[in-house]
Amino acid sequence: MSTPPTIVVVGHGMVGQRFLEALADRGVTAKARIVVLCEEPRPAYDRVQLTSYFSGRTPDDLALGEPGFMEQHGIELYLDDPATAVDREARTVTARSGRSFSYDTLVLATGSYPFVPPVPGKDAEGCFVYRTIEDLLAIEAYAKTARTGAVVGGGLLGLEAAGALSGLGLATHVVEFAPRLMPVQVDEGGGAALLRTIEGMGLTVHTGVGTQAVTTDDAGAVNGMSLSDGSTLDTDMVVFSAGVRPRDQLARDCGLSVGERGGIAVDEQCRTSDPVVFAIGECAMAVDGRVYGLVAPGYEMAETAAETITGTLAEAFPGTAETAKRAFTGADMSTKLKLLGVDVASFGDAHGHAEGCLDVTYSDSRSGVYKKLVVSPDGALLGGVLVGDADAYAMLRPLTGSVPPVAPEQLIAPAGSGQVTLGPSALPDDAVVCNCHNVTKAQVTACSTMPEVKKCTKAGTGCGSCVKLIGQLLPQTGDKGLCGCFPHTRAELYEIVRTLRITSYAELLDAHGREPARGGDGCEICKPTVGSILASLSSGYILDGEQAALQDTNDHFLANMQRNGSYSIVPRIPGGEVTPEKLIVIGEVARDFGLYTKITGGQRIDLFGARVDQLPLIWTRLVDAGFESGHAYGKALRTVKSCVGQTWCRYGVQDSVRMAIDLELRYRGLRAPHKLKSAVSGCARECAEAQSKDFGVIATANGWNLYVGGNGGATPRHADLLAQDLSDAELVRLIDRFLMFYIRTADRLERTSTWLERLEGGLDHLRDVVVHDSLGICDQLEALMAAHVSGYRDEWAETINDPERLSRFVSFVNAPDAPDPSVRFVPERDQMKPDLTVLTLEGTRAG
Amino acid sequence: MTLQLRIDDSWFTACDLSALTPGRGVAALLPDGRQAALFTDRRGRAYAIDNRDPFSGAQVLSRGLIGSENGRPFVASPLLKQRFDLETGHCLDDEAVTVRTFAVRVGVA
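Chains as they are written, first to last, in the UniProt record's numbering: chain A, 1 to 847; chain B, 1 to 109.
If you are wondering where the hints come from, they were derived from the structure by calculation, not from laboratory data. Mixed in with the good hints, there may be bad ones.
Partial list, derived from the structure: chain A residues whose beta carbon lies under 10 Å from chain B [what the hints assert, rightly or not]:
| id | residue |
| --- | --- |
| 1 | ALA548 |
| 2 | PRO821 |
| 3 | SER822 |
Think about it this way: if two alpha-carbon atoms lie no more than 27 Å apart in a straight line, the pair counts; the simulated DSSO-like pairs of lysine-lysine are [what the hints assert, rightly or not]:
| id | chain 1 | residue 1 | chain 2 | residue 2 |
| --- | --- | --- | --- | --- |
| 4 | A | LYS458 | A | LYS468 |
| 5 | A | LYS468 | A | LYS455 |
| 6 | B | LYS81 | A | LYS480 |
| 7 | A | LYS480 | A | LYS675 |
| 8 | A | LYS454 | A | LYS468 |
| 9 | A | LYS675 | B | LYS81 |
| 10 | A | LYS582 | A | LYS598 |
| 11 | B | LYS81 | A | LYS144 |
| 12 | A | LYS598 | A | LYS833 |
DEER-style ranges, computed between Cβ atoms [what the hints assert, rightly or not]:
| id | chain 1 | residue 1 | chain 2 | residue 2 | range |
| --- | --- | --- | --- | --- | --- |
| 13 | A | ALA714 | B | THR21 | 46 to 54 Å |
| 14 | B | THR21 | A | PRO67 | 38 to 46 Å |
| 15 | A | PRO67 | B | ARG100 | 28 to 36 Å |
| 16 | A | ARG96 | B | ARG100 | 19 to 27 Å |
| 17 | A | ASP391 | B | ARG45 | 53 to 61 Å |
| 18 | B | ARG105 | A | LEU836 | 58 to 66 Å |
| 19 | A | SER52 | B | THR21 | 23 to 31 Å |
| 20 | B | ARG43 | A | LEU79 | 52 to 60 Å |
| 21 | A | VAL467 | B | ARG45 | 43 to 51 Å |
The beta carbon of each residue, even a glycine, is placed where N, CA and C say it ideally should be.
Work out the full structure, taking the sequences as your base and the hints as a guide.
Structure, rendered in structure tokens:
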């Protein structure tokens, strides 16, 4: 065997990476040595999404390719080391570091560089270009001390740069030489719509003027610009974004043919004038004489070059499969993007260059929408421009070249005025759905899920504009079932259990579960859910019989498991009111059992670090002192927080503490789809923060206002006012109905806030049901709550008085007196914390 | 009737079968100081795996909920809910992770 051939790739941008993936797909990486020289300090990243760095995406988020791709395919990647010379005679490439590589095949993917007009001051401090992550980092750093920024260039990238400067808080100017914005993509009407919208955002646009000079202060930093119309502009920084030029210097230096206006000349196989040297992407000039600055044609060239090289290798190395010839003859310039929040799309013959073509235009200056379709005399769609509303792009672009099934004006008319929205079924099978990766409808519909589409076809992984359309092309699952065991929602299961008076999980699973799940053991999702429904409808002791096996560990041991397997304990302190004697007992218990204590957000005290075998001993002391379970472990009522109210506070208008205690004692132990929190404030100052609770009560001079559906946490929501000036009895009755209606209709783990958002008809519907009894179910709801209230027993008191129930509270079934040696603690701030070092050891041993 | 675990070449009696509630687990302390999680399912079949949750390091798998998927029994860790096949020890949510399993039999005390 001869030594394997070497392929050297110069440039690791989006197209270079795509070329490597195309080689890997064809098995070439296993047969050839691949060397990649990259100028930037980081591997290929998604330059199309570059601006998303400013909306929070990190450089790592933008990285392209599967992690480990280079290692997996044995590709040698040299970062921060650009190629500096090519010796075609000797077939070697030399890099800046002095490294030199012999090649059998050379692929130039050097991309392009930003064009900076040759004006005085262009290199001053405060001048930038907009091309790499490093450029963005530099712009971001400089913008911290700047107040005004100007972007030279009102094209696609220029507007992205302007959006970024504006987002960094700078007063932003855009200077465009052409008479309109985005002159390449949109026509005059589209440019006008874009201009109005962008000016409406507070940016200043100067069209039809050129930049004559960048002016500087004494220190040499930018302080302004002078323009071709004689005016000047004060600015602290300038970003040049006036187009790009192909990086063809390396090719020129080694004598390869280049185009008159730049670009390495290639044939239909992407071969340069030297048959073992290829050029792909923005550095290449295609056979149609054009240099393509978009990623989709670049990808197409990468595939073409990879295909050709694979074929050449197959001739030299028999055994590699012969492949079909592929050619790159040109590409269309369709684009859809969101610039400064404005949708802009252009496709096909956007400017109407075809002979005899007609256009259909819809324009609404008020809302900044402009749409134009270009059609041939026989009605075929040739192209179009969409500004402000480009939803139709995903459907229109694939239809380009064919006669649409409806009149063109119906495709762009606004919704509600005769617009016909074409469904994806109107697309022919060979319509290209993903332009970035050239994927057809037929290829997409051969898959059944979005991850499968992305993996098999790469569709949807480029600009992302086709993702919505792909979603519509895939089969709709529509399975709203709770889990793999039940095809029903939680609310449906609740109705089945209630109306058929089902009392056990096994009975429900075997009669109503999905066929394959019947007779099985269920799963960790439906068991606690059904356990909660059974508990809501029966209010018996939840640890008995079959129900014991349904509860999550926290409900099973009536405590909250913490990260090292120990538990925390929260005794109920209704309304946050506690006597000194009870506080002393909590302190003594914590001290005697060595527990870590912390005040909770719900006006109670959490005791951490109890082993499972200590729980009954701790609770015996607590129950003796008059405490009961706080249900911190359950999907149940937690606390009803209160302010001190009228009794002490000079502003209070009602006794909020008494009301909070009454409500907490009424609803304690109530099992629900998720935890429930409440609060009562004694006046409108709202010190108890009742509007952030599932149900919150605020005192008025005439009674109580009831708010529902509030939430704190990760997705805060202010509660909605359900009813005003209620008496004590009216308030309680309304809360009874509200809670039972929620328990009956909510999904698993759905807080009242999301439930209310989802509820059809929203707050008005809820008010109809629980205030006006529109469904005639309020008697039923009240009866269910009455049964809960009268059936309530303290779970911990019942547990410690029953030897059978106590028997589960051991660390080891075969050594009931042995403590778990893996639960250990170390000191911290005068208390203790879990010793996690014992957990990192494989197989903790006693000792 | 007792539940026995195979450890090295001998059978270790962990507990009386009646100590197990179908659908729930218990922990047993093994002679070498390790811990096993023991379970029985609805049909009374018994399983034993290592009690240590490899994701947290805590000895808690015996306190997870068991279930079945396509006829295969599993336990879901009570901490972060990863599921483990009770017969093979393979984690169903991360194929790189496996916990030790023990052969079990019912012995006559």
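Do the hints match the structure? See the list:
no.: 1; hint: ALA548; result: 6 Å, holds
no.: 2; hint: PRO821; result: 7 Å, holds
no.: 3; hint: SER822; result: 5 Å, holds
no.: 4; hint: A/LYS458 to A/LYS468; result: 15 Å, holds
no.: 5; hint: A/LYS468 to A/LYS455; result: 17 Å, holds
no.: 6; hint: B/LYS81 to A/LYS480; result: 21 Å, holds
no.: 7; hint: A/LYS480 to A/LYS675; result: 22 Å, holds
no.: 8; hint: A/LYS454 to A/LYS468; result: 13 Å, holds
no.: 9; hint: A/LYS675 to B/LYS81; result: 19 Å, holds
no.: 10; hint: A/LYS582 to A/LYS598; result: 16 Å, holds
no.: 11; hint: B/LYS81 to A/LYS144; result: 45 Å, violated
no.: 12; hint: A/LYS598 to A/LYS833; result: 12 Å, holds
no.: 13; hint: A/ALA714 to B/THR21: 46 to 54 Å; result: 36 Å, violated
no.: 14; hint: B/THR21 to A/PRO67: 38 to 46 Å; result: 44 Å, holds
no.: 15; hint: A/PRO67 to B/ARG100: 28 to 36 Å; result: 30 Å, holds
no.: 16; hint: A/ARG96 to B/ARG100: 19 to 27 Å; result: 54 Å, violated
no.: 17; hint: A/ASP391 to B/ARG45: 53 to 61 Å; result: 56 Å, holds
no.: 18; hint: B/ARG105 to A/LEU836: 58 to 66 Å; result: 36 Å, violated
no.: 19; hint: A/SER52 to B/THR21: 23 to 31 Å; result: 52 Å, violated
no.: 20; hint: B/ARG43 to A/LEU79: 52 to 60 Å; result: 59 Å, holds
no.: 21; hint: A/VAL467 to B/ARG45: 43 to 51 Å; result: 46 Å, holds
Comparing the model with each earlier hint shows violations of hints 11, 13, 16, 18, 19; every other hint is respected.
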